[in-house]
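Student: Chain by chain, the residues run as shown.
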Amino acid sequence: MNLILKLLFLAVSLTPALTLLTWGDGTLAWPLFGGFELLFELGPLSAFFLLLLALGTPLVALPMARGTPDRAAYGLFALLLLGMQMLLLAGDFLGLFIGWEVMTWSSYLLLIRSTRTTLEGAQTYILFNLASAFLLLAGMLVFYSLTGDFRIAPLTEASAAGRWAVFILLGLAFLIKVGALPLHRWIPLGYDQAPDLFSAVLAGLISKMGLYGLLLLPTLFPDALAGLSGRLLNGPAAGYGLAWIGAITAVVATFKAISQQDIKRLLAYSSIAQLGYVVTAIGVGSSLAVGGAIFQTLVHTLVKLLLFITFAGIVLQTGQRRFNDLGHLIDRMPMAFFAVLIGIIGLAGMPPLPGFAAKYLMFVGLIDARWLLLLAAMMLSSTAAFIYCYRLIYGPFLGHANSPEARTATEAPWSYLVPQVVLMGLLVLLGIFPGFAIEVIVDPVLMTLGLTPIGAPSWGELATPYGGYDGVVLMTVFGGAFVIVTALFWLARGQMRRAGSPYDLSFAGEVPTADTPLHYGAGMGRELRRIPLIGWILAHTTAGVQAGLTRQTLAAAGLLGGLYRRDPQTWTLLAVLVLVVASTLLALNGGWF
Amino acid sequence: MHVLLDSLAMIALCYVMGFLFQGFYRQFNARLQRRWGPSIWQNLYDNMKFLLKSETLIHGPMFFFGPMIIAAGAITTLLFVPFLKDSDWLQGVSTHGNLILIIYLLVVGPLGNALAVGSSGNPFGVMGVTRGLTRLMGLEVPFFLGLALVMLQHETTSVHAIMAAQDGIAHWNLITNPIAFAVILLPFIASQNASPFDVVGAPVEVYAGPRVEFGGRLLGVLMTQNMMMTIAKLVLVVDLFLGGASNVLELIAKAFALFLLTTAISAAFPRLKTEQTVDFFWKVPLGLAVLGVVLNVWLI
Amino acid sequence: MYHKSDCEGFQCEQRMLEANLGQDDAGLGVVERLIGWLRQRSLFVLAYGTGCGAIEMRPLMTSRFDAERFGIIGAATPRQADVLVISGYLAVKTLKRVIRSYEQMQEPKYVIALGSCTINGGMYWDSYNTIKCLDHYIPVDMYINGCMPRPEALIEGFTALQERIRRGEPGGYQRYRDNIDWYKANQRRVFGDNMPPAYTYDWYSEGAT
Amino acid sequence: MEFSASPVWFIALPLLAAFSAPLWTRWHLLDHLLFGVPLVLLILALGLFPTVHEAPLLETIVIAPPLGIHLHLDSASLLLVTLFCFAVTLVAAFLWLGATDSHLRGRRPFVLILLLLVGGNGLVLTGDLFNLYVFLEIAGVSAYVLSALRDDRPALEAGLKYLIIGSVAALFFLLAVVLVYLQTGQLNLAAVAREFAAIPPAMQGLIALLMLIGLGIKSELFPFNFWVPDVYRGSDPAVTALFSGLLVKAFLFVLVHLAVLIWADPAVARVWLMTLGALTLIVAELAALRQDDMRRMLAYSSLGQIGLIMLALGFFSETTTAGAFFHMINHTLVKLLLFLVAALLLRRCLSLRLEDLAGAARVSPLAAGLFVVGALGVLGLPPFGGFMSKLWMLQGFAEAQRIWPIALILFAALIEAGYYFRWIRVLYAPVAPAASADTKTTPEPWAAYAPLLLIAGLMLLLGVAPFLLETSVVEAAHALLDRDLTLQSVLGVAQ
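Protein chains in written order, with UniProt numbering: chain A, 1 to 593; chain B, 1 to 300; chain C, 1 to 209; chain D, 1 to 495.
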């Protein structure tokens, strides 16, 4: 019975792949009311996001299927998949919204299955997401009032005010989902408190739906947003604001990430930052930048799935999730180490992994648009990201084991390792063949958005008008150099020996022991607070605003609720009073007013 | 075959120039301090001594691979930098790369090495790495923005194209885009790990920083790549701002001139704290860079 | 195994010096000579400021004496150092750190001891807590006599050490490795149970080459 | 078939059944009949849809002209009658199948619930002002007693409060009826409508105000709805389900129906009704935020939905009205579900306070799951019917380019989500449930869940296939709004 359930669950997790493969060109319509229909069709943009889904879900489902089956979670996961597929396939806003909502509440119900959720976290998650959904609904209703139709189609004939209203409402809706500042607070809370594997879905897949929405904006406002408000330098003026939102998000979230003590919170902030780049690139709107955005979306999905699944494995094996409490797992969990290594190289956007290709395209796009200050902000964020990337690998894997669990941990079960290996392989392959990704994955999407495709002379080569690079050559040179250097080192004479103890450290002549605070993971990044800008950013949070808002709302609620605690006499009196006052007014006015 | 020979030549040239330049730096410093100073070959001796140490201690496999990664990174970087223009030689694989790639490659090796530092388990090393990364965060923004100004000016990221566009001294980017050069100069010094931005490996504050646990031949490897990397960066700046070089002598002359400039600056200033470094970079060079952006993009 | 009848530490020095004077570079190949020459050109010094002699180490690096012209330069950690300079008397407490630092250095490594305190305790000869004969605990390659030796004397000592390295003479580290049991026994006599950890040297006896 | 086609049966049959209660008690048929009578009526109502589609059914029992009983079964009232019968059927099934408390079984509740049905059906069917008052009293009295059925302090208090405020409301309404009669000499609604315009404006205003206040109290609009939470809190959840699902809807319908019929120009009524609806919506949703008792919370939420429906009905556009009708159906379903779940949880956990329900999902997972379904439905989240009806209303507003109701409705929904999800989170809290929960009570029989599952299924069905109800809802909206058609069909003349 359990086995059948699990197999069923795994089969469900393959549905996005099935949809992607079997859908073809057909459309599916489902009548609602008043002549409205839900239209489902598969365009290249949807296909791209469906591809992410098809990649991600089986990989998450595999470790989820481990142990005794959690029927409710399986059911909710299936619903979540249904919602996301509906969202992506929808040809009109109605279907998009329905899918969006199904995704929202099923993910919430999955989220609260974790024992770590607090009331605050759960409420923040659902309220932010519902706010996003209702903004979407408002946007689509405005859209409807302008066009009389819910079909997703370019909005060209409406008034400027109407177009701006749609742009702002939809933009806000999707930015909340993406976690742009200052609407990000649900992400660290949610990703942190969600069940460990579900965090992978949240970060890897669900957040992408916000990006899908943002990529719909150029569809709605053709000419890459420039149709909305003209151009600024070489880019669309409307996108400039969006781009700055993305850049500020990226910078602030990166600094926040550096100061986190909890692995999953760090990953959550880094996710915000990474998606900030994408928002910026979408704002730029040129084919280079949007190509970079799409590429980054792909890379971010793979990387975050990889990292979250790996850390889920670590949490499973050790029960620890703070940098302080882990350490030196490199010997005990080498596979996890490699996974995180590949993951952070991708996250930091370093060559030769594909994160660099994505960043390259985005940077070139920014230079092309002549938006150099944005480029500076992105550069700041992506360099600062090195620090948290280093923390991610140092804290759990290097240094000294800081808890009994970390000293005795073993490699995660195979169901965690298989997705890791698959994702690592995909990342490395994409890194070697960036041209392949451009040609096969990115270009069709660009063409749907009405942008010129980037194109690639060969699979290994990434080419832009500004120059490019060859992933194969890069990998060959680096690998060759590495092999030669290592070989030469081995060939040279002289003996090498391994330290007899992890405490064999040059420590000013002292002999450190297990009690000596040798693991630097906890304090890392603390000194950054002394840098004025970072100190200022870290000292401020939106938590206070949110708490204040909640407090005020509750106070208003208490005030209004107080009205309802009276006696029948009061109620009667009130009714009579209303009657008297109103009829006096009536009499004075001599009729209806 | 050509590529292989060419690469070997580049590596060799880099190494030789590296120890000579650094030997010169030491002697230059010594003369400023009214000392005799070591011989100009001193860096070769030091390097060889370490490479010939008979014992090397490692702290696990990652500790061993770190220096290998950083060396491989250095070699890769320098192979992507064209040394000469209008020549078949000393090009490496630079036609397959671009400026942004090189900037990122500069970081790959150090980050690989940072893994080794971390796996040594010495907190001082990690402290040094963090400082290095923090400094990187400070210097990279103005550095990249300065280079972006150049890329914008020539509308390409290809170093070859930028180099080719600077025919004649009047077209050197140093002349045509002096702000960009002013912007990158100090970050460039910091990226060379030279004073006053050399807090990363400070022996007093952080007990030699990232290199605290490295000894023996591993330290030798680290020194080797450091010397080569210095030259690669110098050549890159020569390519970008001084119009590149047509032959090796010109290359050496230009690189040396640039080196002299940076050396003079670093010899004159004492060391800054990490946060001072970052703050400085975000105020002065970055302010200058923003000015440059406004001038380049908005006004011209 | 070390024999008690043989001379101990510094006592052998003169004999060894004399023995080697006659046969310059004897028995060494070209490679070894080159290696020796390169090694002696570059000495990284870990200066262990145990006693008052440390005061004389600083001028060594300054403009006046400029040890860098001999390739002598300070190292921050024992991992990078070639020469351990013991500058003055050693208390039991400091000896422990010295031993640990010495064991953490990578071979070839040398020890230079400054002042008479390292030879026989000097003016602290009857102190309850001072190590009187350093050579019993770690192998000293070069003593620089005096209380305290001036920087000129230090340079003299360093150049003498360089000369020995160039000639490829066996350093003290080989003695330490060969006679580890004896050294450890001596150290144990001083420290009792409070020995430095074994993992920094126990690979000696595992026959690693 | 002429016999079955009469709308009288919707009143007569339950009335008859109620009055012959002693007979059924002897034959032990109470439970079966409580379920059977509304079921029969439900089938009858469903069977009437094709007939009413052709033309409204009228039934006049003349006592002495102009006095008499006019029953007017058009698409709108038929839809509501069907809904009411369905609601009573479900509650009856729930009471019959579940481990119901003794005070909810037996003759008294049997009579009262059927009378409530009589009142509700009468209110929507009648075409006569005086009858309207009579049915209002029938419904009212049965409701007062129903809420006091459980003989403990809160219940009695609720009953008393309900009695007082209900009588006041009836008084207001009666005054209005008297004034109308004095002014026009008519009680037939159509006739009144025809002659109302002739009344002096000040008197028109007074009558309107009296009616608004009287019916406003009954239909729980904002400044007159302060009694609701107390009454809902004191009554049994199963009974409250009927109040919220049946009674309020009837009064709302009456209010709007009167407004449409009597005032030819909807502009004035629109201002009043939409303002009241909006105020009700926002005040109730805000007040609900801090409720720690599930019944009170549901009461406020119910108020909020009433406000929403009133907002949409008061707009008097065909689309929003159709949406509002659809939403009435959905809301009835949802509130039945939620109150019945509350009844189950009350039996299981012995309390409905927030802190006592922490972790209740472990004790009764199905009930908690159904609560989640209900919450999603009431919030208007797809794929449940509530979404479709809300969308319908919103789309109506968007069509008319009215943005503020859209913003208001969405904002209110967000606040509503704030407290519903708090409850969900508490139900699923990772703590051991209170000790009282697991030992003292026996688990509920599975059959008790059958009506709830049926509701959940229906909600899903309506959400996925809203077109099933499209014709009847649109026709109902049409029938409600088309004043001339009503007048014509009743009086035989066009005005």
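Hints in this document: simulated from the structure, not taken from any laboratory. This structure is a prediction, so every number in the text was calculated from the model and none was measured. We put the CB at the ideal spot given by N, CA and C, even for glycine. Just so you know, not all the hints are guaranteed correct.
What follows is a list of derived Cβ distance ranges for each label pair [claimed, not checked]:
# : chain 1 : residue 1 : chain 2 : residue 2 : range
1 : B       : Val16     : A       : Gln495    : 40 to 48 Å
2 : C       : Arg58     : A       : Arg526    : 48 to 56 Å
3 : D       : Pro154    : A       : Ile4      : 28 to 36 Å
4 : B       : Met1      : A       : Arg493    : 27 to 35 Å
5 : A       : Arg551    : D       : Arg105    : 45 to 53 Å
Student: State for each hint whether it applies.
Tutor: Hints, one by one, checked against the model:
no., hint, result
1, Val16/B x Gln495/A: 40 to 48 Å, "violated, 29 Å"
2, Arg58/C x Arg526/A: 48 to 56 Å, "violated, 34 Å"
3, Pro154/D x Ile4/A: 28 to 36 Å, "violated, 50 Å"
4, Met1/B x Arg493/A: 27 to 35 Å, "holds, 30 Å"
5, Arg551/A x Arg105/D: 45 to 53 Å, "holds, 47 Å"
In this structure, the hints that do not hold are numbers 1, 2 and 3, in rising order.
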